[in-house]
Amino acid sequence: MSIDATEFLQASVRTATPLALAAYGELVAERAGVINLGVEGAMIAGAFGALVGAGVGGVTGGFTVAVLAGALTAAVMVFVVLWLRADAVIAGTAITMLALGLTGTLYRALYGAQGAALSVPTLSPVAIPGISELPLIGRALFEHPVVTYALYAMAAALGWWFSRTHGGLALRAVGEHPEAAQAAGISPARVRAMALLFAGAMGGLAGGVLVLAHVGTFAEGMTAGRGFIAIAIVVLGRWSTLGVAGAALLFGAASQLQYVFQSLGWDVPYQLFLALPYLLTLLVLAGTQRRARAPAALGAPVS
Amino acid sequence: MSGLSGTRRLGAAGPVMETRWLIAVGTMVVMVGVVTLALWSGGFHVGRAAAALWNGAFGSPYAVLSATMVRATPLLFVGLAVGVAFRAGVLNIGAEGQLLAGAAAAVAVGLSVDGLPRLVALPLVLAAGTCAGAAWAGVAGWLKLRFGVLEVISTLMMNFVAMYLVSWLVRGPLQEPTGIYPQTVELGAAVRLPALVVGHRVHLGLVLAVGLAVAAWWVLTRTAAGFRVRAVGAGPTAARSAGRIDPARTTTMVFAVSGALAGLGGASEATGVTYALYEGLSPGYGYSAIAVALLARLHPLAIVGTAVLFGALEAGAAAMQRDAMVPSVLAAVIEALVVLGVLAFDRARTRGAGR
Numbered sequence: 004m005s006i007d008a009t010e011f012l013q014a015s016v017r018t019a020t021p022l023a024l025a026a027y028g029e030l031v032a033e034r035a036g037v038i039n040l041g042v043e044g045a046m047i048a049g050a051f052g053a054l055v056g057a058g059v060g061g062v063t064g065g066f067t068v069a070v071l072a073g074a075l076t077a078a079v080m081v082f083v084v085l086w087l088r089a090d091a092v093i094a095g096t097a098i099t100m101l102a103l104g105l106t107g108t109l110y111r112a113l114y115g116a117q118g119a120a121l122s123v124p125t126l127s128p129v130a131i132p133g134i135s136e137l138p139l140i141g142r143a144l145f146e147h148p149v150v151t152y153a154l155y156a157m158a159a160a161l162g163w164w165f166s167r168t169h170g171g172l173a174l175r176a177v178g179e180h181p182e183a184a185q186a187a188g189i190s191p192a193r194v195r196a197m198a199l200l201f202a203g204a205m206g207g208l209a210g211g212v213l214v215l216a217h218v219g220t221f222a223e224g225m226t227a228g229r230g231f232i233a234i235a236i237v238v239l240g241r242w243s244t245l246g247v248a249g250a251a252l253l254f255g256a257a258s259q260l261q262y263v264f265q266s267l268g269w270d271v272p273y274q275l276f277l278a279l280p281y282l283l284t285l286l287v288l289a290g291t292q293r294r295a296r297a298p299a300a301l302g303a304p305v306s
Numbered sequence: 004m005s006g007l008s009g010t011r012r013l014g015a016a017g018p019v020m021e022t023r024w025l026i027a028v029g030t031m032v033v034m035v036g037v038v039t040l041a042l043w044s045g046g047f048h049v050g051r052a053a054a055a056l057w058n059g060a061f062g063s064p065y066a067v068l069s070a071t072m073v074r075a076t077p078l079l080f081v082g083l084a085v086g087v088a089f090r091a092g093v094l095n096i097g098a099e100g101q102l103l104a105g106a107a108a109a110v111a112v113g114l115s116v117d118g119l120p121r122l123v124a125l126p127l128v129l130a131a132g133t134c135a136g137a138a139w140a141g142v143a144g145w146l147k148l149r150f151g152v153l154e155v156i157s158t159l160m161m162n163f164v165a166m167y168l169v170s171w172l173v174r175g176p177l178q179e180p181t182g183i184y185p186q187t188v189e190l191g192a193a194v195r196l197p198a199l200v201v202g203h204r205v206h207l208g209l210v211l212a213v214g215l216a217v218a219a220w221w222v223l224t225r226t227a228a229g230f231r232v233r234a235v236g237a238g239p240t241a242a243r244s245a246g247r248i249d250p251a252r253t254t255t256m257v258f259a260v261s262g263a264l265a266g267l268g269g270a271s272e273a274t275g276v277t278y279a280l281y282e283g284l285s286p287g288y289g290y291s292a293i294a295v296a297l298l299a300r301l302h303p304l305a306i307v308g309t310a311v312l313f314g315a316l317e318a319g320a321a322a323m324q325r326d327a328m329v330p331s332v333l334a335a336v337i338e339a340l341v342v343l344g345v346l347a348f349d350r351a352r353t354r355g356a357g358r
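Sequence lines, in order, name chains A and B. At position 62 of the first sequence the residue is numbered 65 (my numbering), and the sequence of numbers has no breaks. At position 283 of the second sequence the residue is numbered 286 (my numbering), and the sequence of numbers has no breaks.
All the given hints hold, so there is nothing to weed out.
Here are a few chain A residues that face chain B, going by a calculated C-beta distance under 7 angstroms: (1) 83; (2) 89; (3) 97; (4) 101; (5) 105; (6) 107; (7) 108; (8) 111; (9) 274; (10) 285; (11) 288; (12) 289.
Hint data in this document are derived by calculation from the structure and do not stem from the laboratory. Since we're looking at a predicted model, the values are computed, not measured. We put the CB at the ideal spot given by N, CA and C, even for glycine.
Please model the complete structure; the sequences and the hints are all you need to start from.
This is the structure we're talking about:
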């Protein structure tokens, strides 16, 4: 059986889209010096928000509520970590547990009685005239739902923002040396609050993509660890905008590889491909941690 | 990279018993209020739900001895694992993976020692689980000391690796011979933990876990090794100035002990409850462990109490779903709220103390 390289790439980009969206949110939080383990929680909240919103206002309503729901989980994180000054790791874990449990409870309470699977309107792929005709990469990169194009734009904007704007500089300063940033008149707490809210909104958007562009319905725990993969992607991408894009694509491709191997008739356990992102991240961490460009204040007490 | 002031505050401040219980009780009261409000607004019958929760957890000998205590056992093992790690400032959030590794090793060995007498086979199986858990956590410990990898990331990644490893084992090399179900064959009688009360599901693992809680308390408070753990938890600088303490050595030991406790918990679950390996073996005990340990303020003896409390919560939640149609995932919500509540109360306390 033959494998269509274009189709493989297209599926990889499709899988990578929600991962990259969440990872860019996480990147901003981590560059500000906060490990945000609440990203999985923001994603599931976004997925559930998408279901609720789509019932009222279609795809647009779905995405709006998804982003708001993700930001809401981040608001809890801001309150507990920045205002109460609790440990970010424990708080993030708790927020993920809370969001997973709460969405499950609400889903069963609100929709459980109906029994039938709910389906919501979904985005269909839009081919960009001209460039989608390019050989190999044309359809792979330019025949996707509009959120994927929004992701491309956001990645480029974020790269520019980090390196070329005062806001980006302030954010990085807070992540590298909060005391110096404070001395320069920047409020680390305010910068981190904004960063966390952005991360939550992006996580929510990523959850919305799962429902409104991929599956077309909600299921309990449907994020299935994708939020944690986003954290791995940031590490693997070594905290750079371009690196995150590459890592997300790699993870997307890794999860598609199992189908390639299946179609080739090679008997490789599919769990290997599912575990691959995590193993790869551990390897990269071990290989590069000494030289890695992790924000210096990451893992330090957050203030 | 140390920066674990949150846990340091939680662990090493050494609050008197009174404050500890006040915080625990205060947290529970607030949580009950929040959950009652949520149930009421969700249109559920609050009284019926509460009755189902109580009956499912404590309402009958069956509820206590075959539900609550059975669930409390793994929670006690992993709660201790997390508590010991957090005491030393090691943020091990990988108890779930270590528990799965322990369960997998225990079942793998348990299936191959068929025929040996129980007194030989059972300790061998439990030891296998313990070692596997220690090794699983040891990877994170080694990555931290050798390469400076944050254990938060590595233990989390290892959870997923363990999950997929189990998934592969029960569909591959360890799958039952017909190849229909994704699980192993059942363990033989010689490698099953005996029941504590005839006719009930509570098993010897509970006694083992309680014994370990007492041992952990004794080691932490009465021995030089325990002093070193607490000193390292208070910060590497404090540890060095407290005497010739090598933080790296102590940290390595803590990773291993924490993983061993979680691994033994997995072995206990496999040999005492499930008698086989399958994917849903743990409904997230390793994550609940964080709530168990934090509510107990990382005190090993208090962890016995909080493990029973959360065991009761999970047993009761199952009954609540059955009898009052309240989704049992509500238990996860309560656990998360407990963690957030403890964090908030802790802050209020340290603020009140003039920090």
